[in-house]
Amino acid sequence: RPRLHSGFAVTPSESPPIKPGESFKFKVEFTPTVPNLCCSDYFTIQHLYGNHCTIFRKATVKGPECSLSCSQMQLVCSADKKKAVKKFEIRNIGSCMLRFQFTVDNNNSCITLQPSQGNIQPMKNLYITVTYSPATRASYFKQIFCLITYHDPISLDIYGLWLKKDESSILKLVNIPTRSKGFPCFMNNVMSVVKRSELPFVSLDRYAFDFGHCPLKKPKQMSFSITNNSTAKFSVTWSQAIKEIFKVQPIRTDLDVNTSVNLIAVFKPLVKDMLYGACLEAQLQTKTVDAATQPPTQEAILPLLIEINLKGHTFDETSCGWVAQYRVEPQCLLLPPCTPRPFHPSHSTLTIHRLGHLPLAFRFHPPILTSFIVKPEQGLIQEDFQIVVVQFYPKELTNDAVYTEKWTLAFNSNENVHQCIVEFEGTVETPTIVVNGGQDVVFPKVYPGTPAELLVDLYNPTRFLLRYSVEILKGDLVLIVEKEGEIWPHEHKQVPWCFHPVGVGELEALVSCTPILSKAEVKSTMATVRAICETTQLEVMPSKVVFQHVIRDCCHERSFKLINNGDAIIRGELTWNDLLCKDNYTDNVIVQLDPPQFSLEPGTSIDVSIYITPLTRGVINIMVGHSQNGLTWSSLIPVAVDCVFPCLQVTDLRHTNTGPLFSRLDFWILLQIKTLNEVLQNVTSGKNQGVEMKLPSYLCTSEAITIELLLENKSTVGVHVALTQRPACDCKPELTVVSFSRSKLLDCCPHKSQVQITPTSAFVKSDDDLILTIKVSYTTVGYVEGIFILTLTPEDCEELNSSLELTLSRISISESSPFINTIDRKENNTFVFNMRPVFIGDYHPFVQTFTLYNNTKIMVCYDVDDKSLHGTPFKYVGHRREISALSRHYLAFTFLPFSCKTYEAEIKLIVNQTSEKLILRGTGISSVFENSQIDDLMYPKSAKLWSLSPLPLFLSISHLDIGPMKQCCVQRQVLFICNQTKDVISFKWHMVKLSNILELRVLPAMGAIQPGQTVECRLVCYSKGWPCYINVCVTCVLASFSKYSTMVQTIQNYREDVVTSLDYFIITERGTQIVELAAPAEDWPQKSYLTFSVTVDVKHDSEGHKQMLPISPSLLRIAPFGTPAGELEEKEWLLITFIIEKILWEALQEKCSSTGSNAPSERYIQFKSLSVQEDAAVPLHVMQTTMEDILYSVWEDVLQYSHSATEQLRRTLLLQLKKQTESSGHYSSLSMNLQNFSTCSCNSSNKLLADQSITASYTSRGLEEYSFSNKH
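In UniProt numbering, the protein residues as written are 1 to 1272.
Just so you know, not all the hints are guaranteed correct.
DSSO-like mimics (lysine-lysine), calculated; alpha carbons at most 30 Å apart, straight line [stated by the list, open to error]:
{"id": "1", "residue 1": "474", "residue 2": "523"}
{"id": "2", "residue 1": "714", "residue 2": "775"}
{"id": "3", "residue 1": "247", "residue 2": "81"}
{"id": "4", "residue 1": "493", "residue 2": "27"}
Read the hints as simulated data drawn from the structure, not as lab findings.
With the hints as extra help, turn the sequences into a complete structure.
Written out as structure tokens, the structure is:
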């Protein structure tokens, strides 16, 4: 099909001779002609030996962007105000200069706009002044369009009113069919643009009048007709030009329905040798009847635009008139493309510039048969320019055709002399895409099991930017194509198609390519795909290349032999693909093939080397293949890489001499072992992420503690481990004089020896282990850090090493200073308590604890300010404010989330005479959280260090999980204390008690263990009713019983000797002297501690059952009355409320256990849950009213789910309720209904009586019967 110019140009079109090594630059220019369109084109560089290359050019044209500050304007005049003035704003929001012009004749209209045309710079605004000067006192309507080059016209409706005194400004408009705005509305009076069969509301048989030459004072007339195409009668009133040069007779005309009236346009010039032009407008009015004031009738205006364009001159017929000075841009106008179905006319603009100072008259002369329409067709330009809108609207549509017309544009009086040719071009195009030039798609010959790829040409012959979809309709080959894509106008797009043959022979498939264009019918293109699959002719030896146990980040080399067993020369390029990655951009491995290209004669072979550098640990599978001519890729040989790298993991931990407060789990958390294992597992070459380890705080007089870490090598390669300590303080060496001739620097830093790790170097074989011993001293007061660089070097790869920084911090406390510390770490210098996720279906507050410990010898006080927790899902339930010496304390918080999100709250924790922030963070989840903290921390359940080097005294467990257990129940666990010493050891267990939550005891609480014996103990856990998840420590104090007994016997003997020596004395020269015995030195046995951790998980009673009921009855606090009489009344009401709630509890228990539904108990659950959480006192009348309302709402359920077991209990409770209410004088309506209930529960015929009693009770309390039925 013919192609229109795209706007691209290359200069120069031909280059001079270019010497070797030199270059020449071409200049590509683009001149946009159609706004908001994508343009593209090709140009080819040719030389003497043929085509060199083809370059694809594309550009996106962005048209002007503008808007008006208003679309309607109302101007009001009166007897006191003859003229109305308003302003509006035109905004240029685009990036190019804006040229605009308003369609208003300021000389012949009562509406004037200043300025009426001009230019606006990008991102600038311009104010337009509108002046309304009415000549009559009738209502007025004027629709003005703002014409903008290469932009849709923008309409502005102006309504003018003339008001009498004390009248309101109401303009009566006729309700006519809604017209589209912009371009369709602007062209509506010259051509219907919505439908071909649609007529305008009012039509004229002509809109342009060219009177030509007219003598002075001899009027010239031209007739025309106006037709009413509507269903209402109206009148037409015409305006007149200045001095009545142009006018319409008669000025006022009445039009009936579907009738036409002939009118006369008159031209009466006054000055010789002059050009004349004007636009006359008509006001349409109709008679409307006001329903409130019938009769009379009122006139209403029709908001329609009716204009005629008139032109003439008074030059002699033999005179050439004025010389026309003009410029037309562009002279060749290309319009946007159109689609045939559905057809939407396109439009564009051209501009006529007036270059001189004289007026310029113009008129378009179309060919006899035309497909274009212009507006205005003629006119008189008295300002700088005139914008003309050109519409493409062929009378007969031809698919895929180019319409080109040449119009004559004549100027001034002598049109034969002053004229130019303007060319219009438009297209009607069906969106379509040509596949492979309309030919079949034929793949080259391939081999079984190897994919083949071919670049298929997709050509867009239209001027539309199309999206397309490709669909495989049928076929016997597995074809992989690009399902969707985008193609530019006139673009030849090379799209890769790939197929995998499943058999040998000729294969065929049918593919459909469908373009996608909004609101347009498209034409799909069918293409037949053919391929031939043959047997392969290349062989490899061996069949697979394996890299076994190779080190990561090192280059390794293997080779294979490539053999040509065919009868022809095979040329190709060797490539590789990662089998786990679709594209070849993988971060797992670096592969290099040598040689990259090959050429094999028949019967020859070559050796191919594979150089691989694995980047990750594990198994990597790749496929080496070859491609011919860059199109077909065939697999040759698989390559398997087993990459190894040292992987050390901390699998066990043991601590000694650490006191009674810390368990093995505490040190696992403090030392961040989980984080350390994650870093060691993903260690890379070079510097890695550091790990900060926190150590407990001790008194300055304490002995050093020892922590042993068991490191195991989980990889198949050995590793060299090296530890280097870095200075972590500001201490500098001191200059010390040794002799007169020599001096040296002595490193006297007291902090360097506080934290030590041994050994500093070691070699760990595969599946072997290493024990790192951390020794921490507390001889210097304050905060001390130990920084160590852990370096890992693989065996036989000294050039590869990985390092990470270990920071161990500890605090030493002075003996007289109170100090409280925590197990949890700080985040950004703030304590953070990360709670476990809680299921939002729980209706109980869930208790978790934040641990504080006091490792000093004095009692320390603290305080918790929890005022900020009001209104949050968190609540502080502890009341203790002090921690005893050498003990732990647990701050208990409840968490009851309402939705699946993360909640945060902040409280003030006053410890160590400092106010610290504690952030509580909890998450609500939609499913039950089953994982334990031990699983999350990867805590080892087996103690390997004990088996490697057993201790003389040890427990059979280091951690114990208790639960899930129910509320208010007891669980027991068995553990053992082993004594491998040669001495009798006494033991004593410390009880753990959390008030109102739980209590842990070990029985027997004390006793003695014989040498080489084991004592069985029982851990008893008492749950007191709160659902919770708490970690606690249980400590056993051990001491040598033999040494203790010996010391006690020594002291006893000393006391007896002292008493006996009172009877003896010594006579000396100075007199007698009593014999004094020396007291024995006290050598009490050293205490040792065995500590294990316990995780207690208490679930509320509803879990594990279908019912979802809250806490058992009568756990709400009732607001007291405050008087002695009120206290007695309070007890009576409390008993009544308890009985009511007990009945309700039993009924809901039966319903939920029978059906599994909890809908009737939702209000009860919400009320109970909120009251317990807020711990707020509930007034008695509120409590009783709520219980009654809920009982009424489930009355049917109480009757339906009554069974023999609970029926007897319910009758007993009813009798108690009746007796209690009669004795107290409070016989409420509820008790009456419960009496009826007790009778009708056995006899269903009395059910109506019970329902009537319930209804009466509702009415007596001011409740509607349907209110609760709607809620429940």
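Is it true that the CA of residue 474 sits at most 30 Å from the CA of residue 523? holds, 19 Å
Straight-line Cα separation of residue 493 and residue 27 no greater than 30 Å? holds, 24 Å
Check the hint pairing residue 714 with residue 775 against an upper bound of 30 Å on the C-alpha distance. It holds: about 26 Å lies between the C-alpha atoms, which stays within 30 Å.
Taking 30 Å as the top limit, are the C-alpha atoms of residue 247 and residue 81 close enough? Distance of about 28 Å is within 30 Å: holds.
Every hint from the earlier list agrees with this structure, and none is contradicted.
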